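Could you build all of it, start to finish, from the sequences and the hints given here?
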Amino acid sequence: MGSADAATVRGVTSDVTTASTAAGLDALPPSAAVWCSGLHKRYGRRTAVDDVSFSVARGEVLGLLGPNGAGKTSVIKMLLGLVRPDAGEVLLLGRRSTDPRSRAAVGYLPELFRYQPWLTPTEVLDLHVKLAKVDVPAVERRECLALVGLTERSGDRVGGFSKGMQQRLGLAVALVARPELVVLDEPTSALDPIGRVDVRDLVLALKSRGVAVLLNSHLIGEVERVCDRVVILDQGRVAASGTLAELLGQREVRLRLDGVDGQAEDRLRAAGSTTRSGDWFTVQLTADDDGVTVPDLVRDLVGRGVRVHAVEPVRISLEERLLGILRHDEPEASLR
Amino acid sequence: MTALTIAGLTLREAFRRRVVWALLVLTVALLALSGWGFSRLIGLDTELGTMTSGEARLVASVLLNLIMFGFSLIAAIGTAFLAGPTVAGEVESGQALAILARPVRRSAVLLGKWLGLVTFGGGYVVLAGLAQLLVVRVAVGYWPPSPAAGLALLAAQTVVLLTLALLLSSVISPMASGIVAVGLFGATWVAGVVGGIGGALGNDGVERVGTVSRIVLPTDGLWRGAMNAFQDPFALAQMGPGEGGFPFLSEGPLAPAYLIWAALWIAVIWGLTALSFQRRDI
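As you go down the protein sequences, you meet chains A and B in turn.
According to our numbering, the first sequence holds residues 69 to 404 in order.
According to our numbering, the second sequence holds residues 48 to 329 in order.
Read the hints as simulated data drawn from the structure, not as lab findings.
Since no wrong hints were added, every one of them can be taken at face value.
Taking CB as the label site, the calculated pair distances span:
(1) A:Thr166 <-> B:Val218: 20 to 26 Å
(2) B:Trp308 <-> A:Ser257: 50 to 56 Å
(3) A:Thr166 <-> B:Gly136: 22 to 28 Å
(4) A:Lys231 <-> B:Arg326: 29 to 35 Å
(5) B:Val67 <-> A:Thr166: 37 to 43 Å
(6) A:Tyr111 <-> B:Trp83: 57 to 63 Å
(7) A:Lys231 <-> B:Gly136: 18 to 24 Å
(8) A:Ser257 <-> B:Gly318: 37 to 43 Å
Everything numeric in this text was worked out from a predicted model, so none of it was measured.
The beta carbon of each residue, even a glycine, is placed where N, CA and C say it ideally should be.
Below, the structure is given as structure tokens:
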């Protein structure tokens, strides 16, 4: 456990011990928005989640990625106390998730979003404000509905809403009680392209206000645009995690060459693993590249009489990285 | 606080979903019909001659129990089918996800649901029953010996049944839980009648059927207590020997021990429901 985690745990104990010690602990950095360790969940004989650990810092946007059935929604439900983990621990905003108060400042949009069809959006928000035990003035609630574009339908019954509008209402519900952590499970699954952009702006606005966001989405582009860090789940396990810079750090360079002999090919391979397609050579650069590999390579190739027609940097997208990580596991999976 | 919010929500659902209005129409129709029927009792020509007002009161007392049974049946079916979907259905549809992710205890949410249903079911039985008593009073001048106790017992019977439906809905599907709860309610009533016949015939084995069923599910026991509170005390004496088998007259008031048992039964079933709901993956 790192020192930051140790601080988190100390922060937690302060909540359960006497108030007199609280003053002394004010100096500690605020505990993480989410901290989970060793989460396990089995449904019958199938293991849905297997030793998942990660954390979301305050004000950070974390993307949860992975194929269908990777255990993303199960992990989210375990964080929120909706599903009981078979093993593992969860702290939300510094409190154990077994304590309902840990969810006092948490907003949640479920993957399966459905709200009382006999209520109006205004009444749904009123209900959630009451349940969250937060004093939110009516003006602020109306602003929240306006934010998701439901002002004109605020007096209609939810039962008559389209899926997209119900999802917008779900976003308003997640945001209404002044959350410090917002958990969005597939927030754009029913939204049109404009709605998707709205959600993106919304997440960025939350981030700028210091609200932590846990975003589970199939839309990798969406995640790439707004997330600081990404956790990739596959078959219930963390397949990879890190900042976007860490995950996408691997770069490639494409060269169009002519007159390449064996020696030149050896030189290419020395720079990084190389693939060839006609005149085009793609060299994968190592993560610790200090910026001189490419100029040195070009100089040496020219020195060996190779004619260099083009040198193009290639940036790996998160999608390619994700597919690379997931496919890498496939042969192993098929052996089982 | 959470419990009261959820109780209010449950009651609002009953009003918004027009359950209340449907019941109101049904009840007014039943009251009007019974009022008309009771008013025809006096001066009725039978094979034995014209019925006196005293005889009419006796018949009214028996008929009152019959109609009250109708109300308790409406309340039983209504609450059982309302109680089933209220928890299990919300979990299935996903409505429970957003609510339970709030800083609330599941037991508080369950208590709120239960309080809402108790208010609705109990309130209906008491109001409809009181209206029926007034109709009978106006029509034939009969007023039961202890109306408040009778209505309270009728409400308690509804509470027993909806608590059971709530437990069943956490184990089986919402629709099935309503059917099973109403089925058990009917079976216990029949077992009570069978037990009564057994008692009248002096057969201990058959009589025990009623006693055991009344312990396992207290609806029939409470119903018999309610009937006893509504009926004319002279009715039993006038009916003569063998009256114990008659399903719409009760031989004696409820023992305090039985009332304690019914309260304990409700508490245990509620506790089991809370335990099962607490452990459930949503």
